[in-house]
Each structure stands twice: as structure tokens, then as C-alpha cells.
Amino acid sequence: MEPILRVNDLHVSFRARGGEVQAVRGVNFEVKKGEAIAIVGESGSGKSVTAQSIMRLLPSPPSFVKQGTIEFMGRNLLELSEQEMESVRGKDIGMIFQDPMTSLNPTMTIGHQITEGLIKHQGMDRKAARERALELLRLVGIPNPDTRFGQYPHNFSGGMRQRAMIAIALSCNPALLIADEPTTALDVTIQAQILRLMKDLQERFGTSIILITHDLGVVADMCDRVIVMYGGQVVETGSKWDIFRHPQHPYTRGLLRSMPRLDQPKGEPLIPIHGTPPDLLVPPQGCAFCARCEEAMEVCVDHDPELAPVGGEGQTAKCWLHHPFAKEVQA
Amino acid sequence: MSVSTVTKTENGFRPTGASGGPLLEVDRLSKFFPVGGGQTLKAVNDLSLTVAKGETLGVVGESGCGKSTAGRTIMRLYEPTAGETRFEGRNIYKLKGAELKKLRREMAMIFQDPYASLNPRFNITDIIAEPLDIHGIAGSSKERKRKVEELLELVGLRPEHANRYPHEFSGGQRQRIGIARALAVRPKFIVCDEPISALDVSIQAQVVNLLQELQKSLGLTYLFIAHDLSMVKHISDRVAVMYLGKMVELAESSELYANPKHPYTQALLSAIPIPDPQIEAQKERIVLSGDLPSPINPPSGCPFRTRCPHATEKCAAEAPEFREVKDGHWAACHYA
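Residue numbers (the working numbering), protein chains in the order written: chain A, 1 to 331; chain B, 332 to 667.
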């Protein structure tokens with residue numbers, strides 16, 4: 001199937017006092033129609049910067065795109081004017097943020113915030129927009145939509161606010177929904193509600209989803225394909241089955257090993273990944289994970305490996321261990 | 332009410348201290364906050380539990396369930412509205428002056444946010460040595476320096492870190508500094524309030540392993556407050572589940588996870604996504620409807636009844652008693 005989004009060799013940096021923070025360093029991936037992909041990684045891995053670059057939400061300065069293209073339905077989003085971009089945001093791509101309290105406008109009613117996009121992008125009149133907004137509130141499971149329509153964000157609980165944000169993001173039937181840690185600020189029982197809602201909506205409307213998260217459990221529940229980021233780069237991609245069952249990059253393996261699991265007997269100490277992520281002000285010359293990797297070889301220090309096909313179908317990993325020569329060395 | 336005074340662990344039975352009594356007994360503890368308009372927020376409502384010496388008791392629950400307030404009241408950072416907390420047999424709310432100050436050396440706390448809990452204008456030596464200075468046990472400046480270096484080494488940091496400032500450290504390292512500071516006065520009991528929630532996944536395991544090593548080598552007792560149930564299961568001997576200021580279930584940790592009795596615990600456990608697509612595909616998830624009710628005006632009877640899939644009229648009329656439903660397994664549900 002034709003991808004609706006293709007990110008090619010994206011480099012995004014920030015100008016900081018000490019120099020240039022290279023937050024995203026050569027990211028490639030694509031999203032097919034109706035597909036849910038997850039981008040997982042720790043803080044500073046570049047996952048949110050990637051998402052915000054797609055929406056062109058990063059303030060510039062200090063941020064700037066050094067290189068790369070973001071093709072969305074045939075157009076390079078990086079070349080659009082701010083005005084053209086405004087019609088992409090909200091209409092073609094919807095976004096859900098981590099903290100619904102800071103991303104909703106506290107001075108506008110929820111109803112106003114949902115109808116704003118409908119009036120602007122769909123050319124609806126106020127009455128039609130209100131009808132559609134009430135329908136959306138019902139769709140995302142907010143009881144008493146008539147009352148809720150006229151209320152402000154502070155009248156909503158955390159879970160309800162996140163539902164309202166999903167209603168806003170979906171109001172214009174976007175082809176792509178970017179959800180940046182949508183449930184991180186919520187409790188687990190509320191998280192389960194929101195994830196189920198997003199999954200239902202994806203199945204019903206065929207919306208593509210990019211889910212950005214650090215929680216591998218959420219990924220296993222929600223997504224088809226997984227992209228693992230580390231130090232501003234994609235280090236592994238694959239179907240969720242391959243990523244969880246046959247992870248090929250030492251970082252992915254380490255991440256899965258370091259988490260206690262509810263379904264496993266306890267007693268064994270956890271196996272942590274030692275050290276800390278690299279400083280992207282001075283990114284390592286070789287593999288970004290090299291300094292923390294137990295399987296690092298000499299080549300890893302100075303030479304950055306390519307993202308190359310490994311193991312399962314469509315699975316790729318950025319690691320020298322998968323280079324044909326590495327096997328000879330090990331053997 | 333007494334909850335089992337002997338705890339079963341992987342290593343067999345663990346006695347509860349030399350005197351046979353538990354290290355900490357919380358007896359019908361309540362903490363209410365006035366919120367104006369004559370209303371009160373019942374953050375902790377009639378909580379009872381015991382913690383044996385050398386044990387880790389996990390406390391889980393969602394935001395607003397009162398777990399942090401419970402931890403702080405047990406530390407006497409808050410004065411209770413009712414009830415007692417006995418530490419080695421003494422009611423801590425009755426202590427005054429020198430006795431209270433002595434108690435302060437026996438209990439310590441590790442906080443959630445390693446960015447907010449360290450004074451940015453103090454260097455690491457002063458942060459770690461502050462409790463020593465307050466209690467007048469720092470000794471000469473040479474001794475003070477040596478003690479700080481020992482503590483840094485204990486938590487896996489290097490002595491040369493002593494002269495740096497908090498902003499020079501990562502989240503995981505800051506949490507280690509917070510732990511060193513908590514250990515400075517050689518406490519017996521530590522309340523860990525979400526000590527790893529602000530850390531990245533790959534760093535969480537480092538800190539949890541450190542806490543467990545320290546417990547073993549120093550014989551510490553932990554009250555481990557968290558919302559990450561997988562981590563709580565991993566670290567705790569027993570786990571208490573709280574909902575709207577009340578304890579709804581308490582059991583040995585593998586028993587609680589294998590055999591939850593309270594419908595809230597069942598829903599909570601089923602809501603946790605497990606990083607395994609096979610299990611996720613097969614899992615029947617209990618999705619609770621609705622939000623957490625306000626602790627200002629909690630529902631009558633059982634606090635969970637408004638979201639409980641099994642609630643009956645009895646649940647609205649009568650508050651269920653917290654009772655032992657099985658050996659060492661307690662639950663507050665009419666139908667458990």
C-alpha cells in the first residue's frame with residue numbers, strides 16, 4: 001500500500017549556548033494508510049522532536065531542520081508556507097499531546113475549541129459545527145455532551161480532557177493522527193479507556209496513527225509496527241511481534257530486559273542498561289549506543305552502522321553485529 | 332486490628348524484629364484537609380497496616396487515592412486527623428523535642444522528582460551533609476567530607492562528584508544523590524514516594540537494584556509508594572492497594588497479583604499493558620467506566636461501588652469491612 005507519510009533523512013538541531021544540539025540525526029520511516037506505528041525511546045531520543053517536525057510546531061530559532069524531507073500525501077511539508085501548513089494542521093493531521101491541561105486553551109469553552117477547526121477548515125456554519133461537535137463528544141465517550149459543550153477545560157478531569165482533545169484532533173477526519181505520549185499523564189485504568197477509544201476510532205475511520213511513547217506495554221497493545229529511537233536515530237524497526245520476540249538491536253534487548261513484568265515470577269534482580277544516554281551536543285562519532293553496549297566491538301567506536309535488514313520481514317537494525325563480517329569475528 | 336506479623340518471602344519466613352513486634356504499625360490513621368465551604372477532603376481514611384523489620388511494603392493506587400498523603404502522615408510531615416502510627420512501639424504523634432528529633436533520624440524519605448527535591452544552590456556535599464549538620468553528627472570538617480564520600484560511594488557515585496551542583500547530574504544520578512541524603516542519618520525506615528516514576532525506563536532498573544542492594548546490606552525497611560504495578564510487584568514483599576483514601580486490599584505480593592480479590596485490584600491489574608503482543612492479544616481487559624469520584628464527597632458504602640461491575644444495593648448501604656479473606660490476604664469487599 002502507498003505510504004501517506006514518508007520521512008526521509010530528517011536532521012533537526014537546536015542552537016544552544018554550548019553549540020548545536022543534534023536532536024534528530026537522520027531519521028527515515030514511513031506510515032501506510034490505516035496503519036498504527038509506534039515510536040518508542042527514552043527522553044532525549046528525538047521521538048517528540050520528530051513528531052513536532054512533522055507538524056512544524058518547533059519554534060525556529062532555536063530549532064532548524066538541517067536536512068531531509070517530510071512527504072505527506074505527495075507534498076513536502078517542509079516546503080509549505082505557514083499558511084498552507086495551517087490547513088494541514090488539524091485538517092489532514094491531528095495531534096494529541098501528553099498534557100491535556102497545557103494544550104487546551106483555558107479561556108475557551110470545550111465546544112468553542114472543537115468547533116473552531118470545523119468552521120475554519122470545513123466551512124461549516126456555527127449550528128452545523130455545534131451538531132458535529134456534540135456528535136464528536138458522544139463518540140469519544142463524554143457523557144452529557146450538551147452541558148459539557150459549554151464548559152471550560154478546568155471543569156474536566158484528566159481523562160475527560162484527553163477525550164476532548166481526541167475529539168478536537170478527530171474533528172476534521174484527519175488522515176493521520178499523531179499522539180505524543182497520550183496516556184502518560186493518566187492513571188492506568190483511565191489509560192485503558194483512552195487506548196481502547198483510539199483503537200476503535202482507528203478501526204472505524206481507517207486513520208493512520210503515530211503513537212509516541214516510552215511504555216512498551218502500550219505499544220504491544222496498540223500498534224502494528226514499532227520504531228525504536230536512541231540518541232536521535234532510528235536503531236531498530238519491525239513488526240511488534242519481531243520487536244518483542246526477536247529484538248535484534250542490543251538497546252531494544254536491554255530495554256525489554258530492564259523492565260519487570262507483571263506476568264513473570266519475581267526474585268531475580270533487574271538487568272539494567274548501565275550508563276546514561278549520549279550528549280547530543282557532542283554526539284558520538286560511531287554507534288550512539290556503543291558506550292552502554294555490552295556487545296560493543298572496536299568498529300562501533302568510530303564507525304556509525306547503517307540501518308540494515310535483519311531477521312523478520314521488514315525488520316531493520318542499526319548495529320554492526322548484523323554485518324556479515326561480525327559473525328566471522330564472533331565465530 | 333493486626334495484620335500478619337510474620338511475612339513470607341522468597342527466603343522463607345521473616346521474623347518481625349527482635350521484640351517480635353513490627354517496626355511500624357499504622358492504626359486507624361486518618362488525614363483530612365479542609366477545602367473551604369465547610370467541606371473536608373478525606374485523603375486518608377481509617378488506614379491500618381504494619382510493616383515488619385526488613386520488609387518492603389508496596390502501596391499502589393491511582394492519583395488522588397491518598398498514597399502519598401499516607402506516606403507523609405506516617406513520616407509525621409503532616410499531623411494526623413485521627414489514629415496512631417507506632418514506630419518501634421512508640422506513638423510518633425506524641426513525641427516532642429529531643430525524642431522527636433531522634434525519631435527524625437530513624438525515618439527518611441526519598442522523593443519522586445529528583446529535579447525539585449535537591450536545592451540547586453547547594454553543592455552535593457552540602458545537600459548530603461545537611462541532615463548530618465542538623466543532627467549535629469557531622470563531626471569535624473574532615474569527618475564530614477569523609478562521610479559524604481562514603482555515602483556517594485554507597486550509592487554508586489564517585490567522590491569527585493562531591494563539589495558539583497545538581498544541574499550537572501542526570502535524573503538517575505540525582506535520584507542517587509537523594510538516596511545518599513536519605514541514608515546520611517542511618518535511618519531504619521525509608522518512605523520511597525514514587526522514587527523512579529520520573530526516570531527513564533533504562534535508568535529505573537539501576538535505581539531499583541540500588542534500593543534492593545542497600546536494603547540487604549543495611550537492613551532497611553521500605554514503604555514503597557508507586558503507581559507502576561509491575562515495579563511494585565518486583566520490589567515488594569507485600570502490597571497494599573488504596574482507593575479513595577481507603578485500603579481495599581493487602582496481600583503478599585505474588586498472591587495479590589495471582590489472586591486479586593477486590594474488583595478494583597482486578598481491574599487495575601488487567602489495565603496494565605504488558606510488553607508482549609501475544610498476551611495483549613489474548614487478554615480480557617476489564618475497562619472501568621467513569622472517573623475516580625471526588626474524595627471530598629466520596630460515595631456512600633463502598634467507595635468503589637460507582638465504578639464496580641459487580642456492585643449491588645448492599646454496597647451502597649454498607650461500607651465493607653477490611654477483613655482477612657484468606658491467610659494473610661485482606662480485602663474490603665462484601666463479595667471477596
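Simulated from the structure, these hints should not be mistaken for lab results. Hints should not be assumed to be uniformly reliable.
[Stated by the list, open to error] What the simulated footprint calls covered on chain A by chain B, stretch by stretch (three residues with Cβ under 8 Å from a Cβ of chain B suffice, anywhere in the stretch; the number is not a length):
# : segment
1 : 59-66
2 : 144-157
3 : 191-199
4 : 208-217
5 : 307-320
[Claimed, not checked] Derived, one-sided and incomplete: chain B residues facing chain A with beta-carbon distance under 7 Å:
#  : residue
6  : R359
7  : S394
8  : Q537
9  : V539
10 : N540
11 : L541
12 : P608
13 : Q613
14 : E615
15 : D622
Glycine included, C-beta positions come from ideal geometry on N, C-alpha and C.
Hints, one by one, checked against the model:
1. 59-66: violated (count 0)
2. 144-157: violated (count 1)
3. 191-199: Result for this restraint: holds, n = 5.
4. 208-217: holds (count 4)
5. 307-320: violated (count 0)
6. R359: violated, 27 Å
7. S394: holds, 6 Å
8. Q537: Given a least distance of 4 Å, the restraint on Q537 of chain B holds.
9. V539: Holds: closest Cβ of chain A sits about 6 Å from V539 of chain B, inside 7 Å.
10. N540: holds, 5 Å
11. L541: violated, 9 Å
12. P608: With Cβ-Cβ at 5 Å, under 7 Å, it holds.
13. Q613: Violated, about 11 Å.
14. E615: With a minimum Cβ separation of about 12 Å from chain A (threshold 7 Å), the hint on E615 of chain B is violated.
15. D622: holds, 5 Å
Of the numbered hints stated above, those contradicted by the structure are hints 1, 2, 5, 6, 11, 13 and 14, listed in ascending order.
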